[in-house]
Structure formats: C-alpha cells, structure tokens
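S.K.: For reference, the chains in residue letters:
Number of protein chains: 2
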Amino acid sequence: MPEIRKDPVFGRWVIIASERGLRPNDFLGKPGDHLCPFCPGNEELTPPTIYSLPGADGGWRLRVVRNKYPALVSEGTSDNRRDGIYDRMDGMGIHEVVIETPEHGRLLEELPAEAVTDVIKTYMLRVKEIKKDPRIKYVMIFKNHGRNAGATLLHPHSQIIAMPMAPLRVMQEIDGAAEYHIERGTCVFCDIVTEEIAFKKRVVAENSSFLAVTPYASRFSFETWILPKKHFSHFENIPEAEAGALAEVLRTALGKLIASLPDLSYNLIVHTMPVCEPEAQHYHWHIEIMPKLTHVAGFEWGTGFYINAVSPEAAAEILNSGKQYKV
Amino acid sequence: MPEIRKDPVFGRWVIIASERGLRPNDFLGKPGDHLCPFCPGNEELTPPTIYSLPGADGGWRLRVVRNKYPALVSEGTSDNRRDGIYDRMDGMGIHEVVIETPEHGRLLEELPAEAVTDVIKTYMLRVKEIKKDPRIKYVMIFKNHGRNAGATLLHPHSQIIAMPMAPLRVMQEIDGAAEYHIERGTCVFCDIVTEEIAFKKRVVAENSSFLAVTPYASRFSFETWILPKKHFSHFENIPEAEAGALAEVLRTALGKLIASLPDLSYNLIVHTMPVCEPEAQHYHWHIEIMPKLTHVAGFEWGTGFYINAVSPEAAAEILNSGKQYKV
Chain A
4 MPEIRKDPVF GRWVIIASER GLRPNDFLGK PGDHLCPFCP GNEELTPPTI
54 YSLPGADGGW RLRVVRNKYP ALVSEGTSDN RRDGIYDRMD GMGIHEVVIE
104 TPEHGRLLEE LPAEAVTDVI KTYMLRVKEI KKDPRIKYVM IFKNHGRNAG
154 ATLLHPHSQI IAMPMAPLRV MQEIDGAAEY HIERGTCVFC DIVTEEIAFK
204 KRVVAENSSF LAVTPYASRF SFETWILPKK HFSHFENIPE AEAGALAEVL
254 RTALGKLIAS LPDLSYNLIV HTMPVCEPEA QHYHWHIEIM PKLTHVAGFE
304 WGTGFYINAV SPEAAAEILN SGKQYKV
Chain B
4 MPEIRKDPVF GRWVIIASER GLRPNDFLGK PGDHLCPFCP GNEELTPPTI
54 YSLPGADGGW RLRVVRNKYP ALVSEGTSDN RRDGIYDRMD GMGIHEVVIE
104 TPEHGRLLEE LPAEAVTDVI KTYMLRVKEI KKDPRIKYVM IFKNHGRNAG
154 ATLLHPHSQI IAMPMAPLRV MQEIDGAAEY HIERGTCVFC DIVTEEIAFK
204 KRVVAENSSF LAVTPYASRF SFETWILPKK HFSHFENIPE AEAGALAEVL
254 RTALGKLIAS LPDLSYNLIV HTMPVCEPEA QHYHWHIEIM PKLTHVAGFE
304 WGTGFYINAV SPEAAAEILN SGKQYKV
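Residue numbers (our numbering), protein chains in the order written: chain A, 4 to 330; chain B, 4 to 330.
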C-alpha cells in the first residue's frame with residue numbers, strides 16, 4: 004500500500020508509491036510495445052468503469068476508471084503513526100482517470116465544444132460523488148499533457164486524486180488569499196480579474212463568465228490562468244450551466260498555446276478549496292496551466308523562486324498573434 | 004534589466020529576465036555549434052575573472068566569473084514599486100558562475116578530492132565577499148547538472164545567486180525548523196542526524212563530520228541530503244578545515260548516484276540561513292541533491308505534494324550495492 008510520509012522540517016507530505024514504477028510508458032521503448040489501455044476495445048486493461056457517457060456508435064465517448072497504478076488507495080485509515088522521529092500515514096485516498104475521448108490521437112482542445120463541456124461536467128460530478136466520503140478533505144483535478152509534463156500515456160486523459168488532507172501548497176495559497184482579504188476586504192482573484200480586464204495586455208481569452216490571462220508573476224513562460232468572473236471558492240459549486248462557458252475559454256486558451264508552441268507539454272491544475280470547507284469569501288477557484296517548454300527547473304525546485312525568460316505581456320502578444328514561438 | 008515580480012496571492016517572487024533566452028545551449032542544435040565559454044582559451048567569451056586558482060600549467064584550475072546572462076544584475080535598488088494592484092522591484096542582485104575545472108568532460112565527483120575541496124572553499128569565500136554588500140539578504144549556491152536539471156552547458160560549473168530578499172521557500176523551511184525548535188527544544192536537523200545514524204538504512208556516506216542520507220520524506224527517487232554533524236546555521240561559517248571532509252562525503256554520494264544512475268541529471272542546492280541573520284540554534288545548513296530521473300513533475304508543481312516511486316530505504320540499498328538502476 005502507498006505510504007504518506009511527512010517531512011519533519013517543511014511539513015510537506017510525500018506519497019511513497021512503489022507500484023507506480025510499473026506503469027506502461029508511451030515515451031520509453033518503441034511504439035506498439037504495449038496496447039493503449041485507454042482505447043476502445045482495450046477496456047479490460049483498466050479497472051472497471053466507474054462512470055461513462057454513451058457514444059454515438061453504442062460505445063462510450065468518455066470514461067472514468069480507477070487508476071491502475073494509484074498514488075493512493077481506498078483501504079487504510081487517515082490516522083497518523085510515528086516512525087522514529089517521523090510521521091507517516093496509510094496512503095489512503097482515491098485516484099481516478101478521466102479518459103476524455105475514445106480517439107487516441109485527438110488533443111483535448113481539438114475535441115468539439117460539447118465534448119470539452121462533458122469533461123468539465125464529469126469533473127464536477129466526480130468531485131460531488133467523492134466528497135461524500137468523510138475521510139476525504141481535498142480533491143485535486145489535474146491533467147499532464149506531454150512527456151515533459153510527466154505524462155506516461157499519450158491518449159488524452161486527466162486525473163482526480165482525493166486525499167485525507169489538504170496539500171501544503173494549497174493551504175499556503177488559501178492563506179495568502181485570506182491575508183489579502185483581511186488587509187483589503189476584497190478577494191484577490193476578483194481584483195485580478197478587474198485589473199486584467201482593464202490592463203488588457205495579458206488577456207488571452209474571454210467570454211461573459213471566464214477570463215484567461217498570462218498572470219503578472221508567471222513562473223513559467225506562457226503560463227496561463229483561467230479565472231471565473233463570478234466568485235466561487237469551490238469549483239464543484241459552480242452552476243452546471245457554466246460548464247459550457249468554461250469549456251469555450253479553455254479550448255481557446257489551449258488552442259492558442261498549441262498554435263504558438265506545437266509540441267507543448269503542460270500541466271493543468273484546478274485550484275479549489277478543500278471539499279470539507281464551506282464556500283468562502285476570500286478564496287476563488289481557478290485553473291492554472293503550466294507549460295513545460297524547457298527544463299528550466301534549475302534552482303526553482305529548492306527555493307520557490309522562479310526565473311522566467313518570457314514576460315507575460317510578451318507571451319500574451321505571441322499567443323494572440325497566432326505566430327509560432329521558437330523555444 | 005531583469006524585473007522581480009511578486010505573486011499577489013502566494014507571495015512568491017518571480018524573476019522576469021528576457022536576456023536569459025539568449026543563452027547558448029549544449030543540449031539544442033549540433034555539437035560544435037558554439038565554443039564552450041568555460042574551456043581554457045575561450046576566456047574572452049565570459050565576463051572578466053572575479054576570482055581564480057592557479058593551475059599547474061600556468062593556467063587556472065578554477066575560475067569564478069559573472070554570469071553573462073544574469074537572472075539579477077548589480078545595478079538598481081531593492082525598493083518596491085506598485086504596478087497596478089501588483090508589486091515589483093528591480094532585478095538587483097549578483098549572479099556568478101563557478102567553473103569547477105578546466106576539463107570540459109570531467110564530472111565534479113571525478114575530480115581529485117583537493118579539487119572538490121577547492122570548489123567548496125571557493126563557495127565559502129564568495130559568500131563571505133558578497134555578503135559585504137548590505138543590499139544582499141540571501142546567497143544561494145546551486146548546481147544544475149544535465150539537461151533534465153535545467154543545465155544549458157555541459158562544462159562542470161555551479162552558480163551563486165545573491166538577492167535582496169530571502170526566497171519564500173527558504174523562509175518556510177526556516178520557519179518549520181523554528182517551530183520544531185520551539186516545540187521540542189532541539190534542532191530538527193541535529194535530531195535527523197542522530198535518528199539516521201541509529202536507523203542506518205538510509206545512510207549513503209559518512210565521515211566524522213558529515214552524513215549523506217536519502218531523506219525519510221524524499222520527494223524525488225534517490226534524493227540525497229548531506230548534513231553536517233556539527234550544528235551551524237550558516238554554510239559560510241563552518242571552519243575552513245571542514246571543507247575537505249565535506250568534499251569527501253559529497254564525492255562519495257555523487258559517485259554512488261552516478262554509478263547507479265549513469266545519465267543522471269540533478270540539482271544540488273546549499274540550504275543555509277540568510278546572510279543578514281546571526282547564527283541560530285533552530286536552523287542547520289545542509290545540501291540537498293535532487294535527481295531528475297523522469298519527468299514525474301505531474302501535479303507536484305501546483306501542490307507541493309510529491310509522489311515518489313522509490314522509497315528512500317530502497318534507494319539507499321541500491322546506491323550502496325553499486326548496482327545500476329533501470330529507470
């Protein structure tokens with residue numbers, strides 16, 4: 004069973020999951036070394052279907068399964084245990100995969116708008132279902148696309164990890180927003196939305212409900228955030244009718260990123276409040292897309308201090324021009 | 004001039020340094036596309052020598068120069084300025100490169116013990132010199148080795164970045180250690196040293212003054228820390244006589260890592276107190292070596308929550324066996 008260990012200095016948690024070393028990898032070995040477990044006809048290669056949407060041909064158009072090589076598993080407890088001077092707990096949690104389309108070679112942003120809307124509605128539905136388990140404190144939705152972003156399979160998919168505690172960096176972000184709210188009486192993300200609409204030069208996509216911008220303090224070149232214009236602290240609490248508007252801005256933003264950076268690898272992360280907390284005035288859910296253009300990790304890993312060679316204003320200009328960018 | 008921008012939510016600082024996009028890169032293009040600026044005979048390709056040690060042949064055996072494509076520059080002030088709702092400041096600081104050897108193809112751990120000792124003594128000397136500038140609050144020493152670790156040049160080198168504030172993650176680490184010290188009255192790193200010597204199974208190298216271990220909550224497979232047995236909060240304050248003992252443990256630890264993982268990319272970071280602070284009981288300088296075996300970054304970037312497929316006990320066993328590990 005995976006084990007969660009706590010760093011005694013930093014307080015950060017690490018999942019030690021040896022089974023994950025066994026995952027198939029599309030980026031190592033030769034093409035055809037293994038069957039794609041996410042393609043139609045290979046359903047027996049994944050754990051059973053948790054949720055699916057029917058396709059036109061009697062098959063499925065979207066499928067949710069448990070991750071075969073989970074970082075966390077449903078057995079175990081969330082109790083702390085001592086291990087010498089250290090703390091650990093069972094790797095208890097839920098790890099699901101959302102197979103976004105039956106088509107192996109299609110990118111998320113190339114899917115029809117309705118299919119992207121399906122993906123977003125599925126995220127919402129799964130969070131609402133998963134949070135019924137009282138052991139679950141946080142549900143993280145994320146997508147790794149491309150080798151440099153840590154993906155091991157090409158077939159379009161995203162992941163949902165539900166865990167018995169809120170990750171440290173999530174809490175630091177919420178604390179930062181809470182501090183801003185105490186100081187100024189407003190939500191920092193609402194203020195960012197207002198500022199960016201007025202400033203214009205970092206806007207990449209916009210509709211009546213959502214705004215995509217290259218953030219002021221972008222850690223990565225071409226980093227892009229999608230912010231809802233209406234304040235909600237929890238992603239899963241937005242009206243279902245908003246899913247289409249989010250899909251539209253997400254498709255436009257990802258489409259512009261891929262147009263300017265054809266072989267782009269990226270991580271997409273839904274930032275949201277812990278599911279165990281009520282709706283809050285000081286935090287505002289949003290999506291962060293982090294392109295991984297180069298291995299510029301450098302000393303950033305150890306310091307949280309990032310160096311970015313493309314200013315967000317230059318990045319937005321390139322993305323909006325439709326021109327290709329040479330890394 | 005580079006600009007430092009503050010994220011209004013998280014409080015993290017980002018350096019926007021467009022000039023860095025112009026750096027030569029050994030990992031792109033063809034070999035021989037550019038001359039190595041760190042090889043003897045090409046000294047005119049770098050800024051002038053700041054410090055050097057003489058070689059046997061009338062040349063140099065180690066050289067320190069200003070980084071030609073700096074993340075921070077010596078002009079400018081450390082004053083905050085408003086930019087809409089955001090904060091920024093000049094990218095003021097110092098960015099130096101330590102060219103560890105004249106030999107292009109030699110790895111740090113393949114150098115004679117005296118040469119590694121020279122590198123460590125040079126780090127100490129440069130920190131002591133740089134911290135005379137009262138604008139400087141923090142001096143970060145780090146080494147990126149290999150493409151996956153963000154290196155752009157092959158020739159063995161390390162970097163020193165001095166900055167007008169302590170990075171957020173450095174402060175979080177120091178705060179974590181301070182909290183432990185308040186709760187238990189001991190230094191958490193001193194306790195780790197005692198625990199690891201007793202537990203044995205995570206020890207990779209040891210001599211009378213230093214201990215190398217795979218830490219209990221390793222974020223990365225084969226992550227290795229080097230801890231001084233004697234408590235000092237500031238790296239630059241250790242007795243110069245300790246440099247040789249540190250070089251010995253560093254060479255052994257890096258040697259074992261490269262033996263088991265031949266094409267290893269890694270980041271090495273010296274964690275130390277801000278130079279503007281006095282020696283402290285609650286913090287203990289150390290070195291963290293973070294191997295970059297796979298692009299397992301995944302959702303770790305956004306969460307600070309890491310997934311590691313090789314337990315530190317298994318990693319230490321492999322490193323001590325001398326066996327090669329297949330990633």
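A portion of the hints provided could be inaccurate.
No copy labels: a pair is met if it fits in one copy or bridges any two.
Once the Cα atoms are required to be at most 27 Å apart in a straight line, the calculated BS3-like pairs of lysine-lysine come out as [unchecked claim]:
1) K232 / K204
2) K233 / K329
3) K232 / K9
4) K203 / K71
5) K9 / K233
6) K326 / K135
7) K233 / K134
8) K9 / K203
9) K203 / K134
10) K140 / K329
11) K204 / K9
12) K203 / K124
13) K134 / K124
Just so you know, these hints were derived from the structure itself, not from any lab.
S.K.: Determine for every hint whether it applies to the structure shown.
M.R.: Against the structure, the hints come out as follows:
Within a single copy, K232 and K204 get their C-alpha atoms as close as 18 Å, which meets the 27 Å cut-off; across copies the closest is 52 Å, which misses it. When the C-alpha separation of K233 and K329 is checked against a cutoff of 27 Å, the pair qualifies neither within a copy, at 36 Å, nor between copies, at 49 Å. In the homo-oligomer, the alpha carbons of K232 and K9 lie at most 27 Å apart only across protomers (22 Å), although the nearest pairing inside one protomer, at 36 Å, exceeds that limit. For a Cα distance limit of 27 Å, the shortest separation of K203 from K71 qualifies neither inside one copy, at 44 Å, nor across copies, at 34 Å.
In this assembly of identical chains, the alpha carbons of K9 and K233 lie at most 27 Å apart only when taken from different copies (24 Å versus 36 Å within one copy). In this assembly of identical chains, K326 and K135 lie within 27 Å of each other by CA distance neither inside one copy nor across copies; the values are 46 Å within and 47 Å between. Taking CA atoms no more than 27 Å apart as the test, K233 paired with K134 passes inside one copy only; the shortest distance there is 23 Å, against 48 Å between copies. Only between protomers do K9 and K203 lie at most 27 Å apart by alpha-carbon distance; the minimum there is 19 Å, versus 43 Å within a single protomer.
Taking identical chains as interchangeable, the C-alpha atoms of K203 and K134 are never at most 27 Å apart, the minima being 38 Å within one chain and 41 Å between chains. Taking the closest pair of Cα atoms, K140 and K329 never come within 27 Å of each other, the shortest separation being 42 Å inside a single copy and 36 Å across copies. For the identical chains of this complex, K204 and K9 are inter-copy neighbours only, at 18 Å across copies versus 42 Å inside a copy, given an alpha-carbon limit of 27 Å. For a Cα distance limit of 27 Å, the shortest separation of K203 from K124 qualifies neither inside one copy, at 30 Å, nor across copies, at 50 Å.
Within a single copy, K134 and K124 get their C-alpha atoms as close as 16 Å, which meets the 27 Å cut-off; across copies the closest is 54 Å, which misses it.
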